[in-house]
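Dock chain P against chain S, hints included.
2 protein chains.
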Amino acid sequence: MPAEFEPHSGCWMLWPERGDTWRLGAKPAQQAFAAVAEAISRFESVTMGVSHRQYDNARRRLSDHIRVLEITANDAWMRDVGPTCVVNRKKGQIRGIDWQFNAWGGLSKKLYFPWDQDDRVAQKVLEVEAMDRYRAPLILEGGAFHVDGEGTLITTESCLLNANRNPQLTRRQIENHLKSFLGVQHIIWIPEGVYRDETDGHVDNLCCFIKPGVVALTWTDDSKDPQRKTSEQALRILKQSKDARGRKLVIHKIHQPGPLVMTETESRGLDYSPEAHPRKPGDRLAGSYINFYMANGGIVMPLFDDLHDDAALQTMQKLFPDRAVIGVQTREILLGGGNIHCITQQIPAL
Amino acid sequence: MPAEFEPHSGCWMLWPERGDTWRLGAKPAQQAFAAVAEAISRFESVTMGVSHRQYDNARRRLSDHIRVLEITANDAWMRDVGPTCVVNRKKGQIRGIDWQFNAWGGLSKKLYFPWDQDDRVAQKVLEVEAMDRYRAPLILEGGAFHVDGEGTLITTESCLLNANRNPQLTRRQIENHLKSFLGVQHIIWIPEGVYRDETDGHVDNLCCFIKPGVVALTWTDDSKDPQRKTSEQALRILKQSKDARGRKLVIHKIHQPGPLVMTETESRGLDYSPEAHPRKPGDRLAGSYINFYMANGGIVMPLFDDLHDDAALQTMQKLFPDRAVIGVQTREILLGGGNIHCITQQIPAL
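The listed protein sequences derive, respectively, from chains S and P.
Residues in the first sequence are numbered consecutively from 1, following my numbering.
Residues in the second sequence are numbered consecutively from 1001, following my numbering.
Looking at chain S on its own, in the form it has when it is part of the complex:
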């Protein structure tokens, strides 16, 4: 699996629609998703999957150069429901992995029900891309791991070893699946992800590879914030770790926004639904600047109208001196439980 910072042929997204995830009939989220799509499309081609119900609306709200296709989904998290692409450069081949999906924990947590359409998204994307597909024998989401493209994978125990994912598999068996499907040799296990991240702590909200040997990590200086312990724990493990090539990792901290919480007004804008996790006033939001997308020559990163925004932007520009860094206000995406990385999925260039 190539790293996200390697060249892409394009980016896929899904259009937000459901009123029990996205407030006010999803209109504010649609604006944010559209802003993300427009930003990414400055660097690479973007395809937006949308239900037939929202086709006209999405088509009208997006520029002509963004491709809009019909793809039915239960929600809009392309990172987690889309394919993970792997390449064989010697043979000039690219294929997609279609992980099994149970909406981040199935009925035990019921973030929403059902997730039958989500589980078909990877296949549908791969048919458009005319790529062969591996249907994987385990439940996994694209946001649950990051790779450096040189044999190293980072993930979290709280997610991959959670009994709500693959209780029938041992840690070793999961490692073997990751190694064989993704072509990695070395796995770095971090205990848990960002505080109150409803995915059981996807690594893509906590830390990521900037390039081989270099990792960015969400951080807080507030020793009383519950995120502090998690970030310290991750920092300790990353510092102790070597990657697949035997390098020690250089770690850059990026201070988190907030802490951010859902407001009364925001919560009131949601549909009540017995089939979706309630999002209540005062709920801590798992905000993190790490949840960004690496486009060809660009970085599209979340902003929160927060006092930490400027520092995060500056750090990111230092970490990616050769790329244009674009910030997009994404509180409306965060309210739904994720951010820019969660709603995008790159297709590597061959």
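Just so you know, these hints were derived from the structure itself, not from any lab.
Nothing here was measured: the structure is a model prediction, and the numbers come from that model.
Incorrect hints may appear among the rest.
[As the list claims (entries may be wrong)] Sample of chain P residues at the chain S side, in silico, Cβ under 8 Å:
{"#": "1", "residue": "H1052"}
{"#": "2", "residue": "Y1055"}
{"#": "3", "residue": "R1067"}
{"#": "4", "residue": "E1070"}
{"#": "5", "residue": "Q1117"}
{"#": "6", "residue": "D1119"}
{"#": "7", "residue": "R1120"}
{"#": "8", "residue": "V1128"}
{"#": "9", "residue": "M1131"}
{"#": "10", "residue": "P1212"}
{"#": "11", "residue": "K1242"}
{"#": "12", "residue": "L1260"}
{"#": "13", "residue": "M1262"}
{"#": "14", "residue": "T1265"}
All C-beta atoms, glycine included, are put in the ideal place defined by N, C-alpha and C.
Structure of chain P alone, referenced to chain S:
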């Protein structure tokens, strides 16, 4: 516009689903559509558009090498709702025309209502093909005209000049649109199409170009059959006509099947629907062997388990000596009001 007998990059179809067009929950029609798709896929790539409801079923009933994508439509007539592609060989460009669609006559006839999703199909196909699109200022269906790829177009007055299509346009204005959008110079007008053809007489059920200067025409030896007069009329006009290059046309007759009528059992298998034209026992079916598809190196033609099948197959093989001719039993498609040509749409190769 290249002729259908020129090389294609592929073929598009739509999956039949509605129970008021297709009897027995559309299962027999789905088998026939699948057989057509499989036959065409022996010669060129085939993409099947399907609603999210029928995705799993279509995916399972079709071979892996047939691409299945989500495209919502009101029914399954890709010829009429899909794009018409035109090429500029000098510039190496290919673009699609997105005709306006009103379900063959709008509310005046109401074959079915609504047709809003049908009218988006061409755009959706073109987005997958990543082709630029012309939205045309007139109502027209792909089955309403045939071209020879060398400047000649054949169509019928009963359809294109019908008050239920473009009453605001004169014959001259319609001709000018056809010339400018399709790049043709000469139009041959035949008064009407096949008897009881519910499209108001699409030319693609009556006659077609086999190659420049050569036309195949549906025929009956039965002087009392109402089709006889129509075929004679068409024959007379075709004999009098020259094409855009000044050639006289050579016409080959292909004897029609039947006459075929809908049975009591067939009619009883349909859903009753106030929004669709009733299909009653004894209804004459507009069966014609002309309604075939020209694939790369192959012909996929309708058969009706009829005593004229063999002669039609033989004639077709003589007309296309360099192509493999495959017959598919398509009575189940005819019961819905069309045949192989109506449910397919080629994308020309550049």
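Each hint, compared with the structure:
{"no.": "1", "hint": "H1052", "result": "4 Å, holds"}
{"no.": "2", "hint": "Y1055", "result": "6 Å, holds"}
{"no.": "3", "hint": "R1067", "result": "5 Å, holds"}
{"no.": "4", "hint": "E1070", "result": "4 Å, holds"}
{"no.": "5", "hint": "Q1117", "result": "7 Å, holds"}
{"no.": "6", "hint": "D1119", "result": "11 Å, violated"}
{"no.": "7", "hint": "R1120", "result": "6 Å, holds"}
{"no.": "8", "hint": "V1128", "result": "6 Å, holds"}
{"no.": "9", "hint": "M1131", "result": "11 Å, violated"}
{"no.": "10", "hint": "P1212", "result": "33 Å, violated"}
{"no.": "11", "hint": "K1242", "result": "42 Å, violated"}
{"no.": "12", "hint": "L1260", "result": "35 Å, violated"}
{"no.": "13", "hint": "M1262", "result": "31 Å, violated"}
{"no.": "14", "hint": "T1265", "result": "33 Å, violated"}
This entry does not satisfy hints 6, 9, 10, 11, 12, 13 and 14, going by the numbered hints stated previously.
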